[in-house]
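Keeping the supplied structure of chain A fixed, place chain B upon it in accordance with the hints.
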Amino acid sequence: MEFHKILVPVSGTEADGEAMRLACRLAKKNKAKIWAVYVIAVKRSLPLDAEIESEIKKAEDILDHVESVAEEQDYEVETDLLQAREAGPSIVDEAVERGVDLILMGVTYKKHFGQFSLGNVVPYVLKNAPCRVILYHQPIA
Amino acid sequence: MHNSWRPKPGDEIFRPRRIKRYRLRRILGVPALFSAGYGNVGSSIYYALGIVALVAMGATPIVLGIAGILFIFTALTYAEGTAMLPEAGGSSSFARHGFNDLAGFVAGWALMLSYIVTISISAYTIPPYLGYFWEGLKIDPIAGTATSMGIVIFLMVINVIGIKEASLINIGAAIIDITTQVSLVIIGFILLFNPTVLFHRIFDNWPTLDNLILGIALASIAYTGIETMSQMAEETRQPEKRVPKALIMMIVTVLVLFAGISLVSLSAMTPQELASEWARDPVAGIAASLPIALIRDVLKPLIAILAGTILLIATNAGIMGISRLAFSLGNHKLVPSALSRVHHRFKTPYISIIVFCAVALVILSPGLFAANVFKNMGALYAFGSLLAFMFAHASILSLRAKKPELPRPFKLSWNLRIKGYELPISAILGLVATTIIWIIILITQPYSRWVGIAWMAVGLIIYYLYRRKQHLPLTHAVKEQGDSISQ
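From first to last, the protein sequence lines stand for chains A and B. As numbered in the working numbering, residues 28 to 168 make up the first sequence, in order. As numbered in the working numbering, residues 725 to 1211 make up the second sequence, in order.
Keep in mind that the hints are not guaranteed to be accurate.
Stated by the list, open to error - In silico DSSO-like links for lysine-lysine, alpha-carbon gap of 30 Å or less:
1. B:1127 with B:1143
2. B:1193 with A:137
3. A:137 with A:32
4. A:137 with A:84
5. B:1071 with A:84
6. B:1127 with B:965
7. A:58 with A:32
8. A:55 with A:138
9. A:154 with A:56
10. B:1071 with A:154
11. B:965 with B:1135
12. A:56 with A:84
13. A:85 with B:1071
14. A:84 with B:1135
15. A:85 with A:138
16. A:58 with A:154
17. A:32 with A:60
18. B:1071 with A:138
It should be emphasised that the hints constitute simulated quantities derived from the structure, not laboratory data. It should be emphasised that the depicted structure is a prediction, and the values quoted were computed from it without experimental measurement.
So here's chain A without its partners, still in its complex pose (with noise of 0.2 Å):
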């Protein structure tokens, strides 16, 4: 499999790093472009452009913290900041207006109500995603 474009939404947690690694070695091979993203989620109750100066620094710090990950394996990476209201669909949009062969999912080990859960955004950007989708799963601790 050849990928030119890919894209690599990040959320803050654990499997971002490992996730970016994965990216960046399926990359090397023909010199793909990677971006990653990360979706601020705005509440209903905010404009959309509402500036949340907390949220932007925690996006900031997660995307310097990917972007290092990326230069230790001698990558280079774009990085973006989105607002959207929910993160599944606009991780989808940014897929489709950049034409990417592929997302590259970093996933952690969660549960709802004692079950294991993928959440929201991975089932929606699954089921919507206009190219493949890896999702880089990390073992149980």
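Frame of chain A, contents of chain B only:
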């Protein structure tokens, strides 16, 4: 792979600063815009009919029609304004650009009053509809008002926490609502419509001139939702095209439906019944009057559940709308930044949500004592909304004169040329009509006069003290810095 993926309503994206790049992305389409606006406007017929009948009696359909014409003027003004200035803030934003910060504040503060009353009135009319299941909710003022207050408190809590709103519920509710109302109109016309009876009910119960004009003012409550659509402009691509389209769709749908419902209502019951027994749940009154038991037994509970749901959505929309407006005003340094403060954990503007819901509860409280709160709320809403609409019309005219070069993707035609400026006739007529009606409300309605003036006075004092403390001019525009809010 899904090559046919299309973003769903509510799938909006915005890019704040990052590596000195800033890109705003908006994806709402016309149907989603229409649903959001209709959700507000469509809900208002569930109480507007009764409020208007309280004063306009037999002239209710005519008064709604006249108010509908004013609604068209106002919607057209908003269409030009929103296409020109696609940002959150509605008439406050128009006034800020058309005049100055003080005008922007006055329009915004008046709008806040109408939002608060929308919250109160929507919540107030839920219990009467649910009275189908337990009569006490309709006939006992304490049970009914306490339920309304409980609804406001519940919605306040969930908005502070910030539960995700499912946009599909809004669209689904709008579709079911339009379908039910169309069905009710068709069934009503088939089973109840009698031109002779209708004629007599209208003209034998004609109101005084004062009440006729008051009825037109109160009927403005039937057409809430223009501001909602304007505020949604920031969430759509090509707002200059989509917002005017959605507004026009809303105008047509609402006018046709409201005309039909109001004529059917006077076919179903006398103006006296509409203004008394069914004042707070007029649509339920129509269903209760249907002669065929099977249809009646299906429609009555359906309308009870539908009205309750739609009005709950409308109450929630009012809370979200006012918190967004307060945030927008805070961003432009028109109100203290405390109202823009966001909860460190929930990321919601909790202070503005709590404060304005508390005011809504205060407005509801006279209902506990079976006071004449319904009509008073209607008049208070008219005070705030007409003032905001006046500023909207005036601002559009001012912008035509001051900034004729500003791109106007949706430019109103039918203009008068005055001193070299092209001024839209609809805005001129809208300004004149809303001003006259607002003045009449001010003169004839003591409750809305004193509460409205007190609200505006409190607002102006807050504005004055805040601007002085911030060393900002009272009238001139503050240069926008794109400041982020602090917690």
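Structure-based check of all given hints:
1. B:1127 with B:1143: Given pair residue 1127 (chain B), residue 1143 (chain B) holds - Cα atoms ~14 Å apart, limit 30 Å.
2. B:1193 with A:137: 49 Å, violated
3. A:137 with A:32: With a Cα-Cα distance of about 29 Å, the restraint between residue 137 (chain A) and residue 32 (chain A) holds, given a limit of 30 Å.
4. A:137 with A:84: The hint holds at about 25 Å.
5. B:1071 with A:84: 14 Å, holds
6. B:1127 with B:965: 21 Å, holds
7. A:58 with A:32: 9 Å, holds
8. A:55 with A:138: Given that 30 Å is the threshold and the Cα spacing comes to 34 Å, the pair is violated.
9. A:154 with A:56: 28 Å, holds
10. B:1071 with A:154: 28 Å, holds
11. B:965 with B:1135: With a Cα-Cα distance of about 11 Å, the restraint between residue 965 (chain B) and residue 1135 (chain B) holds, given a limit of 30 Å.
12. A:56 with A:84: Roughly 33 Å separates the two Cα atoms, so the pair is violated.
13. A:85 with B:1071: 13 Å, holds
14. A:84 with B:1135: 41 Å, violated
15. A:85 with A:138: Holds: residue 85 (chain A) and residue 138 (chain A) sit about 24 Å apart, inside 30 Å.
16. A:58 with A:154: Holds: residue 58 (chain A) and residue 154 (chain A) sit about 28 Å apart, inside 30 Å.
17. A:32 with A:60: 5 Å, holds
18. B:1071 with A:138: Holds, at roughly 23 Å.
In this structure, the earlier hints numbered 2, 8, 12 and 14 are contradicted, and the remaining ones agree with it.
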